[in-house]
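There are 4 protein chains.
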Amino acid sequence: MQLGLVGLGKMGANMRTRVQEAGHQVVGYDPRPEVSDVPSLADMVRGLEAPRVVWVMVPSGDPTRGTVKQLAELLEPGDLVIDGGNSKYTDDLPNAQLLGDKGIGFIDCGVSGGVWGLRNGYGLMAGGSDDDVARAMPIFDALRPPGERADGFVHAGPVGAGHYAKMVHNGVEYGLMHAYGEGYELLCAEPLITDVEGTLRAWTTGTVVRSWLLELLVRALQEDPGFSEISDYTTDSGEGRWTVEEAIRHSVPANVISAALFARFASRQDQGSPALKAVSALRNQFGGHAVTDTTGRSVGETGTPAAD
Amino acid sequence: MQLGLVGLGKMGANMRTRVQEAGHQVVGYDPRPEVSDVPSLADMVRGLEAPRVVWVMVPSGDPTRGTVKQLAELLEPGDLVIDGGNSKYTDDLPNAQLLGDKGIGFIDCGVSGGVWGLRNGYGLMAGGSDDDVARAMPIFDALRPPGERADGFVHAGPVGAGHYAKMVHNGVEYGLMHAYGEGYELLCAEPLITDVEGTLRAWTTGTVVRSWLLELLVRALQEDPGFSEISDYTTDSGEGRWTVEEAIRHSVPANVISAALFARFASRQDQGSPALKAVSALRNQFGGHAVTDTTGRSVGETGTPAAD
Amino acid sequence: MQLGLVGLGKMGANMRTRVQEAGHQVVGYDPRPEVSDVPSLADMVRGLEAPRVVWVMVPSGDPTRGTVKQLAELLEPGDLVIDGGNSKYTDDLPNAQLLGDKGIGFIDCGVSGGVWGLRNGYGLMAGGSDDDVARAMPIFDALRPPGERADGFVHAGPVGAGHYAKMVHNGVEYGLMHAYGEGYELLCAEPLITDVEGTLRAWTTGTVVRSWLLELLVRALQEDPGFSEISDYTTDSGEGRWTVEEAIRHSVPANVISAALFARFASRQDQGSPALKAVSALRNQFGGHAVTDTTGRSVGETGTPAAD
Amino acid sequence: MQLGLVGLGKMGANMRTRVQEAGHQVVGYDPRPEVSDVPSLADMVRGLEAPRVVWVMVPSGDPTRGTVKQLAELLEPGDLVIDGGNSKYTDDLPNAQLLGDKGIGFIDCGVSGGVWGLRNGYGLMAGGSDDDVARAMPIFDALRPPGERADGFVHAGPVGAGHYAKMVHNGVEYGLMHAYGEGYELLCAEPLITDVEGTLRAWTTGTVVRSWLLELLVRALQEDPGFSEISDYTTDSGEGRWTVEEAIRHSVPANVISAALFARFASRQDQGSPALKAVSALRNQFGGHAVTDTTGRSVGETGTPAAD
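Those protein sequences? They're chains A, B, C and D, same order as listed.
So for the first sequence, full-length UniProt numbering puts the first residue at 1; every next one is plus one.
So for the second sequence, full-length UniProt numbering puts the first residue at 1; every next one is plus one.
So for the third sequence, full-length UniProt numbering puts the first residue at 1; every next one is plus one.
So for the fourth sequence, full-length UniProt numbering puts the first residue at 1; every next one is plus one.
So here's chain A without its partners, still in its complex pose (with noise of 0.2 Å):
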């Protein structure tokens, strides 16, 4: 069949790639020229047949919804857009509305993968009707992984279901990879431990840790023994936010996941914590730092009676 693809970033580029290796013919679009397949948006529309499937892939937010909304005037009823990008779910009933006005389908799909995804195949989560998840459904049997449709596919559940699985995902994500992290900074504190990135390498097989993420740790190591060039500032896409967003929401504890994100929270802060400027402003204000033990020798702040 045929496929628009709007976004021909690394991960749109790479998903024509491999609806393409299934045998399908995709028409990309994207504003620098040089990569684009079609001089424009409407080029890309004009260049498929009616009904149309579209796949956008663009960052979430005023890009994906200024996307819908050029669609909704360019498409026809009958076609059906696909929202392929991290949008937040609750994105996803107004641009599904906008479409539905026009009598355009729409469905929301969360891709999980990175840039693995090309040779491994995407893990896909899509939300909207029975009829249009059927209609897409060779292009998502393109992207998603060989072997069972079940493992690396879902229809979650009506539009919405889609992003909202990817977000909870991310979220789950934050905490395995903070768990690792944790493991990873433990081994490395312990002088018994004298290979740690053999300990993790023993770790991707055989044992219950045993996962995907260990495997890229391993092979981070590898590449760069210690991470000694790699920073600790961690950014965060949003959806770790979200997620704990909804926890609260629906009163779920996420004691793990939220600590997870407030890490990456602290990492970045430049100035140095104000909490912790303030626990040490207190500190100062009822402590009696320097005091002298009975052998005469000056005493650190451990074991210091007036340090409360």
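Hint data in this document are derived by calculation from the structure and do not stem from the laboratory.
Listing some non-contacts, in silico: residues in chain C with all C-beta distances to chain B over 12 Å:
{"#": "1", "residue": "24"}
{"#": "2", "residue": "48"}
{"#": "3", "residue": "140"}
Below, simulated BS3-like cross-link-like pairs (lysine-lysine); rule was C-alpha separation at most 30 Å, straight line:
{"#": "4", "chain 1": "A", "residue 1": "69", "chain 2": "A", "residue 2": "88"}
{"#": "5", "chain 1": "C", "residue 1": "88", "chain 2": "C", "residue 2": "69"}
{"#": "6", "chain 1": "B", "residue 1": "69", "chain 2": "B", "residue 2": "102"}
{"#": "7", "chain 1": "A", "residue 1": "88", "chain 2": "C", "residue 2": "88"}
{"#": "8", "chain 1": "B", "residue 1": "88", "chain 2": "D", "residue 2": "88"}
As the structure is a prediction and not an experimental result, all values here were calculated from the model.
All C-beta atoms in this analysis are idealised placements derived from N, C-alpha and C, irrespective of residue type, glycine included.
Given the structure of chain A, go ahead and fit chains B, C and D onto it with the hints provided.
Relative to chain A, chains B, C and D alone:
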């Protein structure tokens, strides 16, 4: 080669099978005559040609320490004992010294993989001298998964390092399981998600969060949809506690692992949480709970001006 | 001066008393005729000389928004409305604009102190223009505790700042209460401590942790030793949720406040924690639970080699 | 009565003053001749009439244990030693036994109040026998704040209970300080709040969160607005660590106290957080960072479809 194996519980029996299938001869001892190959520990020792290798696979703490003491009496200089149980790493040096005084070698070896290790092989983390590890290597090779040795086996450092690595492994495992648990709970709480099990299953392939634990979670949900048969009462093996204690000793922030540990503690509070009773009592002290709004309807605590 | 007061629940009635005792005239309205000074909101407005000051003390959300809408119709240019309830700060600007369009001023004023405020005075946090705050100052002075004005009253910023400050106050309160709760629980758990209530009472004077909340905790324990009558089921007013949401919006690590919030969520899970059910189910999947040690006694899960 | 006082650091010197002001005679010993009343510990003992009471106020650990050992040699049956330092409670029983073998009594007494105790009195938590506590009561009464004895003093239980209570006190203190710290940080982050110091000061009276620590926080902010002179590097006295370790031992969920402790650990990671470096490295492994949106502008990682 020959292996003496003390402890033929679920793990020990499976390991015996796997070692035998690799072509080695196992003499197994267990206090339960119906499963033991020999009537006594002394008979096990007599049944092995020197220099002997004896694998101890009994519960940690007193049972393991007791077995090591018995072996120190029964074995000869040049023999080797491997503790494959979940001993605390601080037990290893005393055990090694007790045996070393008799000229007997010692390796601590963390074993991961659970009941699945029989078929998949076990992830192994060994601590000890190079010579001792080299001698035991044929047994490690029999137990670990097929493929590259470094995937599934590590000589992590001197005596103690194997159990230390296993302890951290289990701490990480706490974090991973709880991250999935929080994601599962949030998916269950959101009405948009009409196929929770399918969503988790889709995550098992292609996605960033794919792992063996996730596959087990899907398997468990398929066996018992909604976990209707499962209590949230969760015990702990002690290794999570040790991991957090070690994090404290090494000044490693372990927010994720400790959150997972504390959640297990909370699940066991049959009489309710004393901390939350104190919070409730405090709110009663300063709160004025019943207020009426301007429409005359009775008002719950949300929005009560008096409830700080 | 005169004050119109809408809402004569527990808080509103106490505040009326306190304002009257300071020599002001209060016209109170409540939909319950038995406690109301006037039969209707319109009568309350008619009973006040312009320019009027009306304090709204009703539940947050729709009740407050509805009351503000009614007052926008009934009041005149130059009048002033103060929202003293626990409104979310994001409600304040719309309310201020609705009133401002009619020439009516608006102040949001967070009020803390609970039922004790009648005697002790209330801690007040106001948001609004300098002029509006100056006009209402006699009322604020009547409500706040005696002594220095800056202890117990702040003009925290423009419209919204008062409720924002109150929201953060309540978030901090969550953290404080839970810190005491954890300390209380640990004292109860330790057999060495034979006088838990006495220990907490001793802390109320001289120590670093002394506070009003601690005094209330001792009072509560004296009324109900062991909290035998108290459930650990703990609701939340919404302000803790908002605080954590704001922390997320501002990238502020809020580990302590969120931990206190999540503990309340957990206390309400009557069917058990789905996350912990998932953890239990996972452990069943990979664990081999029954093992026997070398002494033949049956062994629980602690120390079970098979339990990762 | 007479009191021997070992250790005339900031705390000890203040306590000498307070005990003297209550009419007692103090013979103080300190290894620094310029502050000591007597040239040696033996001279201090000789300067007291039997039965003696000796208060030890030196750093915990070896200095305290060493002082107790010396006193065991110098004192006589019927004398009494009080350890007022921040010893770990597990040191108390060995110290008590060492002294008890010579017929000398022992009390462990947690002392809180910092440098303010000189004027306000100290909060005291004592562990020991009824007889020993009764003998030392005049000294406790001199040190504790005026007013009701039960406010500021508790006989918490047998030997060990005093330091245990003090340890929990300090753990609670960690949680309280960090709760205020988080609130302070959030107030600073929100542009609506134009008077952070004023807001905190307003909280000191009338509100639910009022406390002595809050008063100190306001004082600190007034001395150093914005904490411009304060580092967020925060040490810890060891008591927070012990509290969390005890929580683990007693299966008490201590999410709040441990979060406060771990935040201090994080503040000391001069080379950055290894855990977050691992997280960063992982994101590099699977992420595709540079994408372009349909408007041609370059896009950061937020909203990048490729960033899981």
